[in-house]
Amino acid sequence: MKLAVVGGGSTYTPELIDGFARLRDTLPVEELVLVDPAADRLELVGGLARRIFAKQDHAGKITTTTDLDAGVADADAVLLQLRVGGQAARDQDETWPLECGCVGQETTGAGGLAKALRTVPVVLDIAERVRRTNPDAWIIDFTNPVGIVTRALLQAGHKAVGLCNVAIGFQRKFARLLEVEPGAVHLDHVGLNHLTWELGVRLGGPDGENVLPKLLTEHGDAIADDLRMDRRIVDRLGVVPSYYLRYFYAHDEVVRELGTKPSRAAEVAAMEKELLAMYGDPALDEKPELLAKRGGAFYSEAAVDLAASLLGGGGSPVQVVNTYNNGTLPFLPDDAVIEVQARVGHDGAAPLAVPALDPLYAGLIANVTAYEDLALEAALRGGRDRVFKALLAHPLIGQYEYAEGLTDRLIAHNREHLAWA
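First residue of the sequence shown: 1, per UniProt numbering; consecutive thereafter.
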């Protein structure tokens, strides 16, 4: 089995490598290719990756290349974890929206749209090159904004599934609180990427006992603290929202906070500098503790599980993924991409049935889906007017004056990445 990781020079990659090494019975990787245009980072990450495999007695071969076509040739699956423009572009995404009084964040609002505009054309080009070398290869997308990127891939006819680590993070957290194995916890996880709610937490499977009320009663303070939300809000909802919902439920509070501290991108850039220095140490043969602060917790376990199921291995039959709606949420079009529990196998992902949603959640999901429609159109076809309409449709913006100002700033800060600008 051959896998390729595009964006293999990311500081995330040792987390992924560690998962491949520990879970080799689930996903027996024989060859792993790390692909990245940044040769200097690739050398550091690749060296540590080989040492991790060696320490854990993994027989698989790890190679690195800056040549995309060579790297993805004959791969059974290609994992995408790239960041177009790097942390510098992310820093802009997180700062210029604040000038208009709007949240600056890399996956939602104006910053999320900027990232989508930069990313979708690049990902589609990569996917076409994968298809030319191996039309049967699966593409697993971890590149944000996952929902929009996965929809672009699926609409272009690629064999693609989107992946996020939010659900597996909740699963692991709830398992610890309940003192059970993670595999015993099934989430009633519903929504769009980075716009989800845990409507239930079930023990033993989709039909198991719902212990969410017990979790909220006994551990509500800890759960609310992790979300950085007031416990009273969580109790009133009676569900556990993704921490990304804070951008919607406490938008103005978040804007005030963001204006008083360095961007997350600046923090991550400093962390990455330190991590890359560690990766260059020939004595290091395991992922460092600092990597846990970088983000992407449990990404490796989720990626291994998904790849194993898609490639006919021993992955879990039910997983949270991003895939076509296909009637699952009846108020959305079939070709919307949703994030829910799905049965995953060599034919792809088929969402499980979801109970009727409260309008409180369905309304926001429908609104953001409409924005994503417009965002994808802008990413595929370009044009100032399309950017403006997407921004105007976004529930975190929604005002003509804001949309105008943000459109100008988005184009000015991303001109080098937008062929039409």
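Careful: at least some of the hints might be erroneous.
As the list claims (entries may be wrong) - Quick list of in silico lysine to any residue cross-link-like pairs, SDA-like style, CA-CA up to 20 Å:
(1) Lys2 with Gly169
(2) Lys273 with Leu227
(3) Lys273 with Lys55
(4) Lys173 with Arg129
(5) Lys173 with Asp57
(6) Lys293 with Pro317
(7) Lys61 with Cys100
(8) Lys173 with Pro121
(9) Lys173 with Lys159
(10) Lys55 with Ile223
(11) Lys273 with Glu257
(12) Lys214 with Lys273
(13) Lys159 with Leu44
(14) Lys173 with Gln87
(15) Lys2 with Ala54
(16) Lys261 with Cys100
(17) Lys273 with Tyr243
(18) Lys173 with Leu227
(19) Lys55 with Asn210
(20) Lys389 with Pro359
(21) Lys61 with Gln87
(22) Lys261 with Leu227
(23) Lys173 with Lys214
(24) Lys273 with Asp408
(25) Lys159 with Tyr402
(26) Lys173 with Asn210
(27) Lys389 with Asn326
(28) Lys2 with Gln87
None of these hints come from the bench; they were simulated from the model.
Quick caveat: nothing in here was measured; it's all calculated off a predicted structure.
We went through each hint and held it up to the structure:
no., hint, verdict
1, Lys2 with Gly169, "violated, 27 Å"
2, Lys273 with Leu227, "violated, 28 Å"
3, Lys273 with Lys55, "violated, 24 Å"
4, Lys173 with Arg129, "violated, 38 Å"
5, Lys173 with Asp57, "violated, 30 Å"
6, Lys293 with Pro317, "violated, 30 Å"
7, Lys61 with Cys100, "violated, 50 Å"
8, Lys173 with Pro121, "violated, 36 Å"
9, Lys173 with Lys159, "violated, 31 Å"
10, Lys55 with Ile223, "violated, 36 Å"
11, Lys273 with Glu257, "violated, 25 Å"
12, Lys214 with Lys273, "violated, 43 Å"
13, Lys159 with Leu44, "violated, 31 Å"
14, Lys173 with Gln87, "violated, 28 Å"
15, Lys2 with Ala54, "holds, 18 Å"
16, Lys261 with Cys100, "holds, 17 Å"
17, Lys273 with Tyr243, "violated, 27 Å"
18, Lys173 with Leu227, "holds, 12 Å"
19, Lys55 with Asn210, "violated, 41 Å"
20, Lys389 with Pro359, "violated, 24 Å"
21, Lys61 with Gln87, "violated, 30 Å"
22, Lys261 with Leu227, "holds, 19 Å"
23, Lys173 with Lys214, "holds, 14 Å"
24, Lys273 with Asp408, "violated, 32 Å"
25, Lys159 with Tyr402, "violated, 38 Å"
26, Lys173 with Asn210, "holds, 16 Å"
27, Lys389 with Asn326, "violated, 26 Å"
28, Lys2 with Gln87, "violated, 29 Å"
Violation of the numbered hints given earlier is confined to hints 1, 2, 3, 4, 5, 6, 7, 8, 9, 10, 11, 12, 13, 14, 17, 19, 20, 21, 24, 25, 27 and 28; the remaining hints are satisfied by the structure.
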